[in-house]
Amino acid sequence: MEDILPFLIGGLYAGGIYLILHRSFVKLIIGLIILGYASNLLLFTISRVTRGAPPLIPEEASQLTEPFADPLPQALILTAIVIGFGIQAFAIVLIKVGYQAGDTDDLDDLNTTDRLED
Amino acid sequence: MLTIILIGFVLAIGAIAIHRLLKNYSGMAFAVYPAAAFVWFLTQYQTVASGEVVMSSMEWLPSLGIALDFKLDGLSLLFALLITGIGAIVLTYAGTYMKGVDHTDRFFVALILFMASMLGLVLSDNIISLFVFWELTSFSSYFLIGFKHEDKASRKSALEALLITAGGGLALLAGLVLLGIGGGSMSISELLTRGNELADSGLFNAAMLLIIIGCFTKSAQFPFHFWLPSAMAAPTPVSAYLHSATMVKAGIYLLARMSPVFNGADGWHATLLLFGATTMIVGAIIAILQTDLKKILAYTTVSALGLLTMLLGIGTSVAIHAVVIFILAHALYKGCLFLVAGIVDHQTGSRDIRKLGRIFKDMPYTAITAIIACLSMAGIPPLFGFISKEFSYESTIGMITNSPLTTSAFFLTGVFFTAAAGMLSYMVFFGKRNKLKVKVHEAPVTMVAGPILMALLSLVFGLSSGWINPLLDQASLAILPGNESLKMGLWHGINTELLLSLATLLVGLSAFSFIYLNPRLMSRIEISEKIKPSYAYEQVMEGIADLSKGVTRYVQNGYLRVYVSMMVGTFCVLALIILQDFGIPKISILWSDFRVYDIVIGIIMIIACFYTVMAKSRLLAIAMLGIVGYGVAFVFIIFGAPDLAMTQILIETLTVVLFVLVLWKLPRYLIFAEGFIKFRYFLVSALFGGIMTWIVMIVTQYPLDSHLKVFFSENSYPLAMGKNVVNVILVDFRSMDTLGEIVVLGIAAIGVYGLVKFNGDKKGGKA
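Chains as they are written, first to last, in this note's numbering: chain A, 28 to 145; chain B, 68 to 834.
These are computed hints drawn from the structure, not numbers from a lab. One should not assume that every hint holds.
EDC-like mimics (lysine to aspartate or glutamate), calculated; alpha carbons at most 20 angstroms apart, straight line [unchecked claim]:
(1) B:K653 x A:E29
(2) B:K362 x B:D218
(3) B:K502 x B:E605
(4) B:K745 x A:D133
(5) B:K824 x A:D133
(6) B:K362 x B:D429
(7) B:K790 x A:D133
(8) B:K790 x A:D135
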């Protein structure tokens, strides 16, 4: 599995970017969510994976014995997942409200504030 | 000396409050500061005149050699007296002149700020503190020129002056730093003795050129001169003070200050002579074509600054004498004439010499003052300007090379000065007729007293130049160490200089009569816009604006996909540059290490991701997205991260629920991109994905040193009494992080709630 993780990550990144490049707001958010998966997996993988050994200290012991998975990246990724969810929830509600207010899901119709007036 | 300057800065800050308190009398109250400083500098007169130097020092950044060192020698004292003396006059004058004008408080703030900065500039003995004060004068000048900020022309002039002087300031900074490096010191007094070391370091020419550029922009030398006439948009007291008597002479001051180092170098002489002479003649010619009093004065000031530069370029003993004499003479008569122009403008409402005339009887004191100042400007004995002109002629006649050329340049300028002096006095106060609609009265004493004093000094110094001789002597010694002692006097016997002076006067007067008798002809002479340096400046400014507009249009075009492509593209290029050093990673898949469910999960995820991307229906895309998310959770389970897997599954479920909840309100799935565009998107994303894969493979091939892993595994239970190490990290070791995370989630929840509220619809508030 370790050996196919890089390809999985690459595939997720490519898919995320591909969706973001489209003009639809919904696709943009789906793309962002996929990028989030890819980044979490990237962080997880480059700090090395250990199969089937969660960092849980056994009942009778007072510390972990090798092999065990690195707990620190897990803590960081947990934070990232939760924060990512905050952003996703906000973005999803935003498209809904944006669509109701502006009657469009097309990013090219939402760029008037970002362009130089002629 | 530091105290005097600091008081100035403090006073500038407090000026608004003082002005509120004293209203119309604030000008006189402020004038107490320069007047007191003037008196203090006068008490140093004897010390300095005897050749001693007053020093004061305070460390600022000793590690960089930057200090607030101040030195008072002849040259500094001459300028300090001019700054404080004319400063006191101008502040008193401005108190009356600015009466009834809005925001006078701001005016005083900037003016006092300038005064203190200018004092700092001429007293500084450290190149960095000198530069700081130099820039401060540019800034205060900007505020003062732009004082009438509702007026577009005013703002434009202010910006023009700032850009040119601050641009030159950058050159100056570079030059000073090179000078400091080459000479091995930041102290000006030390640098002045280290010309040889500088020459050895190879930085001599670069430092000289950059400093000259800085000085030329500040002192309005051709082709940078045009900001000075534009700066006439400032209230007249400012023009009198900054733009004729003091600030514009800062460049001259620095050139003079640096003379002991550079004087003798060929480049120095040639550059100063050439640009000085051009400025002098161009300024003088344009001056007599003007009809606005202040413009005439501005161009003659440009011309005078050119003359000073040229004299510094000649650099002989007599020329340096001529420099210090002319600095004083010019400050006295030009400052006076500016103030007179202000009075005329204030009392009549016009500055146009075609309209003014026959007001001598209405304002006799002003008129007599103006006439005395003009006589000094034209160089007529027994005024101080005459002595100045004699010395200038003497310095060109004594030149070894190019004597006839420079002498005739001086002659020409003298002629124009005389003509301009005639225009400023005769045409304004006598002349043919008065086209003004108003009855003219003499100005109040607070306005007239200053100019009268300055005009009287022109007369007194002319008659008994011995009074000021020791100071000017010391000043010239500061510019040219070991200079012969100066002997000023009105009568040198009948010699070439006197005859030249006489000829200048006669030709000048005939030139004036010609101008006076042919006003139509004069007004018809126009200089084509395209040959003016200001045209080039405007072209450059417009070019910069157009360029930035074009770049903004191109780069910030409002298309998210373009931004994303640019970011991804830049990342890919940079990553590829670095990655090529690492080469292609070894792919060694150990099939024995694989479990069946690994492969199944991997394949499911890839397929789900593919369908998310390709789905034509939104529902399918979201469902597939959910599958990818659960797949990620499985990866976490396989590699010993049950907490992550739990969170991932929980959140994946919530996301999908949330999506589905708002789904029915959303528009049809938009599909825009077709064919080639899609292919281009595909290429960009495939490249990015490939590079990420490559990076992960390379990173995982190198060993990882994770001492934190060991730390947490060992200390989790003993220190925090927790057996789930990930949990312990989150709620104990890194609890502040988690608190921050909760805050972020809270804010997101408020945001979601707000958005839902905005719509009047309470579904979806599920964060």
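Which numbered hints fail: Violated hints: 3, 5, 6, 7 and 8; rest satisfied.
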